[in-house]
Each structure stands twice: as structure tokens, then as C-alpha cells.
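Modelling step: build the complete structure from the supplied sequences, incorporating the hints.
Chains as they are written, first to last, in my numbering: chain A, 1 to 206; chain B, 1 to 206.
There could be a bad hint or two in this list.
For chains that are exact copies, the list does not tell them apart, and a pair is met inside one copy or across any two.
As the list claims (entries may be wrong) - Capping the alpha-carbon separation at 30 Å, the derived lysine-lysine pairs in DSSO-like fashion look like this:
#1 Lys133 <-> Lys9
#2 Lys133 <-> Lys163
#3 Lys62 <-> Lys165
#4 Lys133 <-> Lys165
#5 Lys38 <-> Lys163
#6 Lys165 <-> Lys27
#7 Lys38 <-> Lys62
#8 Lys9 <-> Lys38
#9 Lys27 <-> Lys62
These are calculated hints, taken from the structure and not from any lab test.
Protein chains: 2
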Amino acid sequence: MNQQLYSSKLLENVVNEFSKLPGIGQKTALRMALHLLKQETASVQQFGESIIRLRNEVVYCKRCMNLSDTDVCEICANPRRDPSLICVVESIRDVMAIENTMQYNGVYHVLGGIISPMDGVGPADLTVDALEKRVKEGDVAEVILALSTTMEGDTTNFYIARKLKDAAVKISTLARGVSIGDELEYADQITLGRSIIHRQPFEMGE
Amino acid sequence: MNQQLYSSKLLENVVNEFSKLPGIGQKTALRMALHLLKQETASVQQFGESIIRLRNEVVYCKRCMNLSDTDVCEICANPRRDPSLICVVESIRDVMAIENTMQYNGVYHVLGGIISPMDGVGPADLTVDALEKRVKEGDVAEVILALSTTMEGDTTNFYIARKLKDAAVKISTLARGVSIGDELEYADQITLGRSIIHRQPFEMGE
Numbered sequence: 001m002n003q004q005l006y007s008s009k010l011l012e013n014v015v016n017e018f019s020k021l022p023g024i025g026q027k028t029a030l031r032m033a034l035h036l037l038k039q040e041t042a043s044v045q046q047f048g049e050s051i052i053r054l055r056n057e058v059v060y061c062k063r064c065m066n067l068s069d070t071d072v073c074e075i076c077a078n079p080r081r082d083p084s085l086i087c088v089v090e091s092i093r094d095v096m097a098i099e100n101t102m103q104y105n106g107v108y109h110v111l112g113g114i115i116s117p118m119d120g121v122g123p124a125d126l127t128v129d130a131l132e133k134r135v136k137e138g139d140v141a142e143v144i145l146a147l148s149t150t151m152e153g154d155t156t157n158f159y160i161a162r163k164l165k166d167a168a169v170k171i172s173t174l175a176r177g178v179s180i181g182d183e184l185e186y187a188d189q190i191t192l193g194r195s196i197i198h199r200q201p202f203e204m205g206e
Numbered sequence: 001m002n003q004q005l006y007s008s009k010l011l012e013n014v015v016n017e018f019s020k021l022p023g024i025g026q027k028t029a030l031r032m033a034l035h036l037l038k039q040e041t042a043s044v045q046q047f048g049e050s051i052i053r054l055r056n057e058v059v060y061c062k063r064c065m066n067l068s069d070t071d072v073c074e075i076c077a078n079p080r081r082d083p084s085l086i087c088v089v090e091s092i093r094d095v096m097a098i099e100n101t102m103q104y105n106g107v108y109h110v111l112g113g114i115i116s117p118m119d120g121v122g123p124a125d126l127t128v129d130a131l132e133k134r135v136k137e138g139d140v141a142e143v144i145l146a147l148s149t150t151m152e153g154d155t156t157n158f159y160i161a162r163k164l165k166d167a168a169v170k171i172s173t174l175a176r177g178v179s180i181g182d183e184l185e186y187a188d189q190i191t192l193g194r195s196i197i198h199r200q201p202f203e204m205g206e
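Take a look at the structure:
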């Protein structure tokens, strides 16, 4: 699309700002800007302010490096969570995915990425040192490595496991296997192979 | 998706605000919010402020009802545009579409919608009275009706034409026909039929 001609510089600015967001083109950005113009002044004010506040006020939890409004995040500060069980994840999205399962009662450690020489991400860019310190100084019983099953994830798992090998801590990883609801014939060979090797005792149900 | 659990209220607010935008779900909203967190504080500040300023400061051009930063928009204020030629459009998007063609040198009149009883939009919700006043008081030679070719568009065209019938003004409408680049066999019957009725003299080129 050629250079759009806007009758309003204010509108043009907002469209340009929206187009910088991932996956948003000029047309969608314009639709968003025109949508905002139809909303109440107060609610648009709130929208703009919430964005500015997020960037200015959000911090990383000093324990788990998760995004937080306070020094220590709600999960770390929750007395009903088990602080001796640490789940290591790549990003805050993974924290949310695991929290949504309602199956995990421990705390987290957010690495902020995985080791990926192709993208120029080395161990020093991640929060591995903080994890090591946390494990060695705290009362940690188990570290669950919950990274992607990619070469980068495996490399990072290996790096972390080596860093922690002197600490008296159990290191585990997520169970891999055929997804619930999947048909066998469509599962990939590696997943299917692993799910045979790591087969589990059959449970008769309750 | 169930209720997401955010570790930060600030983040949750921004995600909720983004999800109110048309076509944006929770996951995309989260992606946008996390994207903003990676940007410079100053540029996020500017983003938030541009949204607030748009809603507070943008006005309708008092002549053509287009969005504008000033009382009279840039198009109406441009001395090189022909103020005796008014193109009537539904919305600011249509102004932008026509401006992009670089083929139009007149001014506009933005109706703010079309007559649509199904959506509860009547003539009183549009800026038809302002158009009538503009035509009757000003030095207008021609009004081009550039609305959608739908029943609502036709109704609105008819309503406007009747309102303007006492004014000594030429009323025209956009040429309809087979699109440039289209193959005849795929053109719909009505468009093809009209393009035969309104056939034009063949031009040998320059």
C-alpha cells in the first residue's frame, strides 16, 4: 500500500503507533484508532494510562524473575505455594500456561529465553545464575525443567543441569508423550517412541 | 479459554484494554503487552499519550465533517482543491481510499454512515442537513454521490438527491462496471449488465 493520506496528524500518529505492534498492519491499525474515537473519553484515557503505567511500574519479581507489580510476585509471596519446588520456564507465557492447568503448587523461575547461538542468546543473557544462587542458598528440593523440546531447549536443560549438579537437588522434566485426545496414527515418531519407552502403569480409575 | 491468571495487575489491565479492540483476543493482547514491555520507556510513553491526545483533541472539520486536528481540515483548507466539487462519502476510510487514487481534486462531505433502518440509522443521524446547507449557501457546482452500491446506499443516494433537487447543482455518481484486471466470466450479472448499458467510447490511447 502506498503512503496513506490522513486528514489528521493525531490520527496518523496513533495509526503509526498501532502498526508497530506485532502482527498489526496499517488497515487494522486504522480500524483500532477509529474504534477508540467512538469510545468514551474516560475509557480511552484509561487505556492510554494503563499502557504508560505498565511500562513504568512493572518490575521483575526479585525471586523468580516473573513480571510483578511488587518486589516479590503474588505467586512467590503466596504462603500456600511450596517454595521448595521450582519450575524453570522460558517466559511469563509459560507461567500462565502452567497456572491455567491448576495442577501445580510450587513456584517458578523465569529464564527470560533459552540458549540460542543463532539468535545471539547465551547463558549470560538468561537468569541461570540467579537460579543457581536460589537453589544453593535456599531450601529447594526439586527443580522441574519445563523448556521447549527443541535443540535450544535441550541445550539449556543440559547447561542448567550441569550448573546444579553439585547442589543436593532433584532435577526433573515434563512428561512427554502422545497428547490426550490424539490419535496414534497422527503422532510423530519421536513422541510416540518416547511414550513407549516411558510407558506408565495403567490406572483403573477411581 | 478460562480466566487467565496474571502475576501482574498492571499487565492484566493492559491485556484487558487491548482485548477490547476489534478483532483482538486475549492471546494477541498479551503478545502486544509483552511487546510493549520490551520497548523503550519513552516510546511507550509516546504511544499512550498519542492515544489519549487523539481522543481528546481530534475534531470534525466544520465544513466536511472529516476528522481533523483543526477547525477546518487540511483538504478543505487547501487552496488548490476545488470547493465547488463535493464528493459525498460514508466515512473517513472512503476519503482515504479516494485520496489514495490521486485522481480527485475536489472536497468531501462525510455523512458518518448510511441510512439503515435495520441498524437504527435514520437521516437525522447523518450529516445530510449540513450538506444541504453547504450546497444551498455555497458556490457548489457538482455533488458526487460515492456511497456503497447496497440497498442502504441507494436509499441514502435517493434521500440526498431529493433534498438537493431544488438547488441548482449537478448530481453524479461513481461509474460502476467491470473492475480493471477482471475477467468477464467472473463478473457478476448486474455489474456486467450495467457496464453494457453505460458503455463508453473507445479510446485509442495517447
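>> Run through the hints listed earlier and report the numbers of any the structure violates, in increasing order.
In response: 6
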